[in-house]
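Enquirer: Make the full structure from the sequences, and use the hints.
Heads up, the sequence shown is in this note's numbering, so the first residue is 7 and it goes up one at a time.
Source of the hints: derived by calculation from the structure; they are not laboratory data.
Treat the hints with caution; some may be incorrect.
To be verified - Here are the computed distance ranges between Cβ atoms for each label pair:
{"#": "1", "residue 1": "Pro106", "residue 2": "Glu130", "range": "35 to 43 Å"}
{"#": "2", "residue 1": "Gln134", "residue 2": "Glu86", "range": "13 to 21 Å"}
{"#": "3", "residue 1": "Ala29", "residue 2": "Gly161", "range": "13 to 21 Å"}
{"#": "4", "residue 1": "Asn30", "residue 2": "Gln134", "range": "38 to 46 Å"}
{"#": "5", "residue 1": "Asp163", "residue 2": "Gln81", "range": "26 to 34 Å"}
Computed from a prediction, not measured in an experiment: that's the story for all the values here.
We put the CB at the ideal spot given by N, CA and C, even for glycine.
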Amino acid sequence: MNGNFKSAVKQLEKACLVDSTNANALWMLGYSYYHSADYKKSITAYSKVIAIKPTDASAYYYRSRAKSFLGKDMQLPATEREKYLLGTIHDLTKAIAVSPDPNDIKLFQNRGIAYREYGLFKLEHVSQPLDKNRGINSLKASVSDLEKVLNANPGRDDIASLIDLSKSKLASSSH
Numbered sequence: 007m008n009g010n011f012k013s014a015v016k017q018l019e020k021a022c023l024v025d026s027t028n029a030n031a032l033w034m035l036g037y038s039y040y041h042s043a044d045y046k047k048s049i050t051a052y053s054k055v056i057a058i059k060p061t062d063a064s065a066y067y068y069r070s071r072a073k074s075f076l077g078k079d080m081q082l083p084a085t086e087r088e089k090y091l092l093g094t095i096h097d098l099t100k101a102i103a104v105s106p107d108p109n110d111i112k113l114f115q116n117r118g119i120a121y122r123e124y125g126l127f128k129l130e131h132v133s134q135p136l137d138k139n140r141g142i143n144s145l146k147a148s149v150s151d152l153e154k155v156l157n158a159n160p161g162r163d164d165i166a167s168l169i170d171l172s173k174s175k176l177a178s179s180s181h
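Expert: Next comes the structure, spelled out in structure tokens:
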């Protein structure tokens, strides 16, 4: 399909109509939707893959990536964005749990970033005391995951910078 994801979507949708239990075709459909920026359909396709193959870490990973994009969509209401941000963390936690490599740095990096995004979101949308606590706890979890990444790759200045930003936000939010 040579990177033509919209064309791939058409072909894969047909294949999935013929066999709705073909996990490989559904996975590729989710991937094609993802790369066509159709994140809701990508989530649906990967959810079907997960129903068929509940230990497919890559399906959780790509579903989390699609949810992450929707969690940052400022056109969506805050409640919907929060649902996607939490879903991102949940999917990455599940991917880590079922991954053949339980120390997959990519998964910890993405979850660390997702925790950070959720923490910042909660601190910006404080409507009750629990929101602030959730934001702070999420930033702490972010630092923990990102430190795992930095320990495995000490030269990652981008990760060190994210850790510093999270720690700074924690310090200013703890008052």
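Enquirer: If a hint holds in the structure, say so; if it does not, say that too.
Expert: Hints, one by one, checked against the model:
no. : hint                         : verdict
1   : Pro106 to Glu130: 35 to 43 Å : holds, 37 Å
2   : Gln134 to Glu86: 13 to 21 Å  : holds, 19 Å
3   : Ala29 to Gly161: 13 to 21 Å  : violated, 38 Å
4   : Asn30 to Gln134: 38 to 46 Å  : holds, 45 Å
5   : Asp163 to Gln81: 26 to 34 Å  : holds, 33 Å
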